[in-house]
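Since the structure of chain H is provided, determine the placement of chains A, G and D on it from the hints.
In order, the protein sequence lines correspond to chains H, A, G and D.
Numbering (the numbering used here) for the first sequence: 1 to 485.
Numbering (the numbering used here) for the second sequence: 1001 to 1313.
Numbering (the numbering used here) for the third sequence: 2001 to 2677.
Numbering (the numbering used here) for the fourth sequence: 3001 to 3221.
Keep in mind that the hints were calculated from the coordinates and are not lab data.
Model, not experiment: these values are computed from the prediction.
Be aware that one or more of the hints could be misleading.
As the list claims (entries may be wrong) - With a straight-line cut-off of 30 Å between C-alpha atoms, the simulated BS3-like cross-links for lysine-lysine are: (1) G:2562 to A:1053; (2) A:1285 to G:2603; (3) G:2603 to H:360; (4) G:2562 to A:1049; (5) G:2632 to G:2603; (6) A:1059 to G:2603; (7) A:1059 to G:2562; (8) A:1059 to A:1268; (9) D:3220 to H:360; (10) H:446 to H:360.
Stated by the list, open to error - Far from chain G, by Cβ distances over 12 Å, these chain A residues were calculated: (11) 1006; (12) 1042; (13) 1113; (14) 1240.
All residues carry an ideal CB built from backbone N, CA and C; glycine is no exception.
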Amino acid sequence: MTFLFLLFPSLIAAALAAAIRRYRSLVGWVNALLSLIALGAAVKFADHAARGGGASVFGPGELLRADGLSALMMVCVAAVASLALFLSPGFGRESQYSPSQLRRYQFFINLFIFSMLLTVSANNVGVMWIAIEATTIFSAMLIPLTLTKPSVEASWKYILICSVGIALAFAGTVLGYFDFVSLSGRAENALNWPVLLASAPSLHPEVMKLAFVFLLVGYGTKAGIAPMHTWLPDAHSEAPTPLSAMMSGVLLAVALYAVLRWKVVVDATLGDGYTNKLLIALGLLSLVVASFSIVLSRNYKRMLAYSSIEHTGLMCIGLALGPLGVFAAMLHLVNHTAAKSMTFLLAGRVLHRYHTTQIKGVSGLLKTMPGTAGMLAAGLLATIGLPPFGLFISEFALIRAGFATGHPWLMGAVLILLAVAFVAIIGHLNRMLYGTPPEGVAVGEKGGRSLALLSLNVAVLVTLGLALPAPVETLLNQIVRIVSR
Amino acid sequence: MTGYLLEIGQALLALLLAPGLVGFIRWLKARLQGRRGAKPWQPYYDLRKLLGKEVVMSKNASWLFRFAPYVIFATAVAVTLLVPLVAAPLPFDAVGDLLVVVYLLLLGTFFLALAGLDPGTSFGGMGASREVTVAAIAEPTIALAIFGLAVGAGSTNLGRIVAQTLSNPGAVINPGHLLGFTALFIVMIAETGRLPVDNPSTHLELTMIHEAMILEYSGRYLALIEWAAALKLLIFFSLLSNLFLPWGVATTLTPGALGVSVVALVVKLAALAVIVALLETRIAKLRLFRVPELLGVSFVLALLSVTSSFLLR
Amino acid sequence: MMTLFIMMISAYAAGALGALLIGRGALGRGVAALGACCGSAAGLTLGMSAITSGRTFTLASARVMPVAGLMARLDGLSAFFLIIIGLLGLAVALYGYGYSASYERRYSLRMLGAMLNALLLSLSVQVVADNALTFLISWELMSLSAYWLVLTEHDWADAVRAGVWYIAMTHSGFAALVAMFLLMSGGDLTTSFAGMRANAAALSPAARNAVFLLALFGFGSKAGIVPLHVWLPMAHPVAPSHVSALMSGVVIKMGIYGLVRVALDLLGGGPVWWGGVVLGVGAISALLGVLYALMEHDLKRLLAYHSVENIGIILIGIGAGMIFQSYGLMPLAALGFIGRLYHTINHATFKGLLFLGAGSVLHATHTRNMEKMGGLIKRMPVTALCFLIGAAAISALPPLNGFASEWIVFQSLLGGFNIPKPEVAMMMPIAVGMLALTGGLAVARFVKAFGVTFLAIPRSQEAEHAHEAPLPMRAGMALLALACMALGLAPFAVVPMMGRMLAGLGELPDTRADFTLGLFLAAPNGLPNGFARMPPTLVAAGLLILLCLTPLVMLLLRANRKLRVSDSWGCGRIGQTPRMEYTATAFAEPLRRVFAELYRPTKELTIDFHPESKYFVQSVEYRSEITPWFEKYLYDPGLWFIRLLAAVVRRLQSGSLSAYLVYGAVALLILLLIARM
Amino acid sequence: MNGHDTLFAQLSTLGASVTLLFGVVLLWRRSLGAYIEAFRWQSLVLSAVFALVGYYGHDHELYIVAVALLALKVFIIPWYLKRLYQRVGGEREAQPYVNIATSLIVAGLLVMLAYAITRPLVMVSKLPTRGGIPLAVGLIFVGLFVIVSRRKALTQIVGFLVLENGIALLAALCTYGIHLIIELGVFLDVLMGFLVMQVIVYHIRNTFESIDVEQLNQLKH
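Okay, chain H solo, but in the shape it has when bound:
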């Protein structure tokens, strides 16, 4: 039942946006409020899971299912979604978008949210695949909201690369299922997680290996794992701010979630050695690519995008480091969601004020918009893993897991790469914060409401940095149990 409250609000919102011909700020408000319902539902699931309750299923053929892992993802998605919706354009009188654009925006972004929520609540791998493909489609429609050359280019690259990737993932799905069929014949709801997992041990390792490769490359494309990450900087830097916040904040996580789900199944077949090797390899590659790309990046939105790749790589490595690693990676996922959604939204504010995405075009931020500057600094320092923010702890735990599972050299490399990214980002940050602002840039902070909302993220980050609330911890431990069974 709760599933309806989780999924329907965004559908209704989309319908609303579609139904009301001329966009009014009322629509924006209503949709934002609707998203809170979904958030409530997600929290309910999380709460249920944190109380140690088993997975709850729903729908024909147990279409939907929510265990600890899904619940966590739901919360992340729903939370970022409502944050983005509340900070979406089209609330006040003036806006850089025309009503029709705003209408389109509202319509697609809600569908986008819907498909992400569906992804994490789907019980059936097929349905999950469909939902992820849908996320690509809807977000691709949103990127060229204003028809600028870059945005069109970005959207084309985005949709083509991701569609191909997702298609490959489908091939992987088919292969996984094929082995199942060739063993135990066709069965009803054979594609549901529990069933797959139950039969996994008896599947053929060879086939599952191939299947996992397809799945990793496929969903990895969406998760921004190198070398399939190439669409990411373009899309994230060109999309409307709330969308890029969502993409960087949760979309990557959702895709990673799909990989993780399959990893569990494949591990059940071949033991975790194989998947771990692949994940570590690609994760490390992503780290290298991302951190070195940050060094020379001239565009702050792209810099943020690269750092998202970096963190995805980090999570991949974490997922490959046994229970401790999974714990760390999941914690990192939550932290990163909070930090990245915030920084992207702030970057949007900066862009709105300075009208440039070039780092060297932005200077004296502390003077022009102190609030934003402060929070941007906080967000970026959090992103590069400084205390007292959550990412410090999660990265820390991750490194620790690496040493505990006997990967000192890997961890050495990770530490070095993190240091490189650290220095690069802090250099770019300082370039933006200090100095004298260019002429014609208005001085003074506006829009306290959004800053107030974003300070919630800061609060989350600091909380997770100083003390891990018991429910979160139990939830994470439950996830660890789900993943490394």
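Frame of chain H; chains A, G and D shown alone:
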């Protein structure tokens, strides 16, 4: 008690002898160069003359300028209390060892250099700059020489070193000892501003070091400084003689022994004076920037002495 | 104990919060200063009581951190460093109250006050940390607060640049430390140091060496050993002066603390070459530090370089100690470590003092360039006196504290001939030579620093109109000046304490190095008893007496007591201008020539003559620069390499869609083939 | 294995190979019209394969799938493609990154690679249709290759659709199709994806005055 009296006694002796030593060297040099030269006790007259004159002080100078001479003089005297001139071991051995001696002299140099800078003339600055340069580069040699001696005696304590050398005279001719002596001799020349490092009897800005610093001084202050400089010379001489060739130094406080030791001291000082005088008549002053090379040589010698004392132990 | 600890923590926290809330204005500064003062006072008492009682206390263990709990334990070493922090914190807080007044409405006093308190807080927690996690977190917080403090005057570029360099170095150090602790604790950072000691014993030699090297790098980057020192001369000058005092006096000492804690305490000593490496690094740092300092004309940069030198001196002692330890010459080892820790606190005091003095000068003349100063001794006498004391102390002149600690280290090095292996033993005299050379050069440098800054004629308008520092600043300086003298005169009180404090670390014995009675070391293998003796108190007394006697003697000799003030002698020229003065550059010239090999100075002399005849010179321009060749030969290549890699990686994102798709396809095929292998 | 199954096996393999053949043909042709035609025929064969599998596999759901596929990929999408092609102007695939001859060779290599990779599947499978599996994977690779090696937005779309076909073929041969709902969902996605793509192609057309993806290289680094 006698010990303490003796300490004071030897300090007074040093104060008395010091100007004479300088005068003697000057006289000897004059003679060697075929001049009649001033009487050896000329410096005493000079001191009295200076004491009688009024002080003319630069208007740029601060209190430090007036304070420095006392510090310089005090440190010099303090050192004479620590160095075994006539007898060892002395009660004040407990107060200061070789390191203290060296660093007290350095304290004097420190203030002298500052005083040189105080009036703001280019001479003073030049002198100070050169003085500290020489002092800095001489420092490691001194330290190593001390090290060598201390390794021999198992202590940096002056009295102990003297006693050690006296107890086994054979040590005197071992290479470490001789090398150490040479090294310290060179350093002595540098520290006391003799040729070929500095020329005590010139006022050419190209050559002078010590004289440039004290150019602004006059009257009683100049007297103090000159006296201190003389003391420094005497101290180094006696260090050289008593640490390396400690014969004659009284180990018992009987009048006879003391008498002998005083005579011995005078003889040794005279001998060293002769050496220095001969040297200064033979060689010309080095260019300032060749001085480090000379000191480098001394450093190597000191290092060798230590090495040998390590290997021969 | 507990209460004192809580008081300290809460005072700092309160100060920080107060500063954040109130911010600018005398009240805001006052609150910040008050918090810092109370906190440091509490810390000071805590350390004192702990060290005098000679016992150790377990302070705090609460489940505050997500991954594990904070643990704090106070032993002799921690207590000693608490004292340093407290002492300096007190002075700095006092001074800062006055100093930061000039920041009103120019820079964020909120940040300054809050971060100062945060820094002190993290430092204090750092030294009592009893597990890796606590240590690392406080370490990172320390680096971060220091970083913000460096960025206080953020509207000039080199402050920001310095900040970035600083955070980069310290953070890479942090990474090394994380790795080190993880190696040592076998993955679990919550293991208390006691547990780690147990682990460390069990580690394989390779792992132990790795731990040691990581520690050397990690702590070295904070302590600023050559060649990891580059951030130091950048960051210290641009920070507010009282902050520089704190950074130079305490923050970099955390590197020493960590090294001693890990190498000596946790690892319990190691093979000879560890000590050798530390000794070598120390010697190099000392020499290069002092040589670069000599050539500096920026007062604060000079002091910063000097910190590098002193860290070097400290490391020489520690290295010697470690060598002795690995040969089982425990009393000597103890002597070395005592000398070093003693020097640590001494350096904290006089370096702090000098930075505060420099701050007052900066405050009065608004320039850090010595060539624009001069004659300040008349305009700001108190500052001048304090600076003089600091300079004398730092040049290891008796009877001040610098000499006392220098003396001990000399003594411990003299013990080198007890080392059986001559080739190892030879390191000691060389170290002595290095030490002496640095000492001598230090004298040269501080004659220059004090002479050019304070003496003679003002070289600029600013110096002409300089004014004495306000009371709080003078108070801060005076406090440290007194500390210098006290520490110098009462080593017999300080040293036994340290002996007791070190006892037990790395099976060191409780060494009774009692000054007044000479050093009676329980002597293994032929170490003579009563090694040497030096009561600085008596030396001081003697000097004082003689100083008083001399005028009396003069009286007795009926010396002329008249004094006439007039122009200084200008070779016949009337009237003396500042341009005739010896400049700092000129002062350092001889030494620059001596060490030209190392400085590799670039000279250019441009003379343009009068158009009519070449016998009239219109202007002579002489420019000479010294290239700091670590940046040039060590860091630039590294940065270049990173940039190169970045450029290569960058090319991946070529913008060509087909290329992107190829990456994906190739990745797919490769992985598939791997999967079939 | 009875004759009934052998026939099935032969037919399915034949279908698969014909499908792949059209993929290769597509590589060989130049004009967009020809691309679309080739794709259309391929889809036709594909739906036939589905029907075949449905018939022999006694799975009547597959008939529906086949019909849906027919409608979607033989009529709707090609029709849209044609219209798009007329709207944005028929630029020939004048000079692909890889010329025709090489393309064909590469395609051959890819198919061999597919054989190499899919051996385990063929090994473990007892299905009559297993003979076609390598061909299906080969088609996937060929589709990928088309996307990579062609430089017109439209041809890339076609390549993508061929890739889709390959996967559908794989599904048909390996698993006799997944559940109806999912299959339909997949088709829905394909359709929507295609529509979005064509919208974006219009955008490209309007903003860049050409659908050559060469010029889409403003965003880099």
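Each hint, compared with the structure:
Between residue 2562 of chain G and residue 1053 of chain A the alpha-carbon distance is near 8 Å, which keeps this suggested pair within the 30 Å criterion. Restraint check for residue 1285 of chain A and residue 2603 of chain G: satisfied, since their Cα atoms lie roughly 28 Å apart, inside the 30 Å limit. Straight-line distance between C-alpha atoms of residue 2603 of chain G and residue 360 of chain H comes to about 36 Å, which puts the hinted pair past the 30 Å bound. For the suggested pair residue 2562 of chain G and residue 1049 of chain A, the alpha carbons sit about 14 Å apart, so the restraint of at most 30 Å is met.
With a C-alpha separation of about 18 Å, the suggested pairing of residue 2632 of chain G with residue 2603 of chain G holds against the 30 Å cut-off. Annotation: proposed proximity of residue 1059 of chain A to residue 2603 of chain G is violated, straight-line Cα distance about 36 Å (limit 30 Å). For the proposed pair residue 1059 of chain A and residue 2562 of chain G, the alpha carbon gap of about 15 Å is at most 30 Å, so the pair holds. For the proposed pair residue 1059 of chain A and residue 1268 of chain A, the alpha carbon gap of about 45 Å is over 30 Å, so the pair is violated.
Under the criterion of a C-alpha separation no larger than 30 Å, the hint pairing residue 3220 of chain D with residue 360 of chain H is consistent with the structure, at around 17 Å. Restraint check for residue 446 of chain H and residue 360 of chain H: the C-alpha separation of about 23 Å stays at or below 30 Å, so the hint holds. The non-interface label for residue 1006 of chain A is consistent with chain G: the shortest C-beta to C-beta separation is roughly 16 Å, beyond 12 Å. With a least CB separation of 18 Å from chain G, residue 1042 of chain A remains clear of the 12 Å interface cut-off, as annotated.
The claim that residue 1113 of chain A is not at the interface with chain G is violated, since a C-beta of that chain comes within 12 Å of its own (minimum 5 Å). At the 12 Å boundary, the C-beta of residue 1240 of chain A stays outside the reach of chain G, the nearest C-beta of that chain being 19 Å off.
In summary, the numbered hints that this structure violates are 3, 6, 8, 13.
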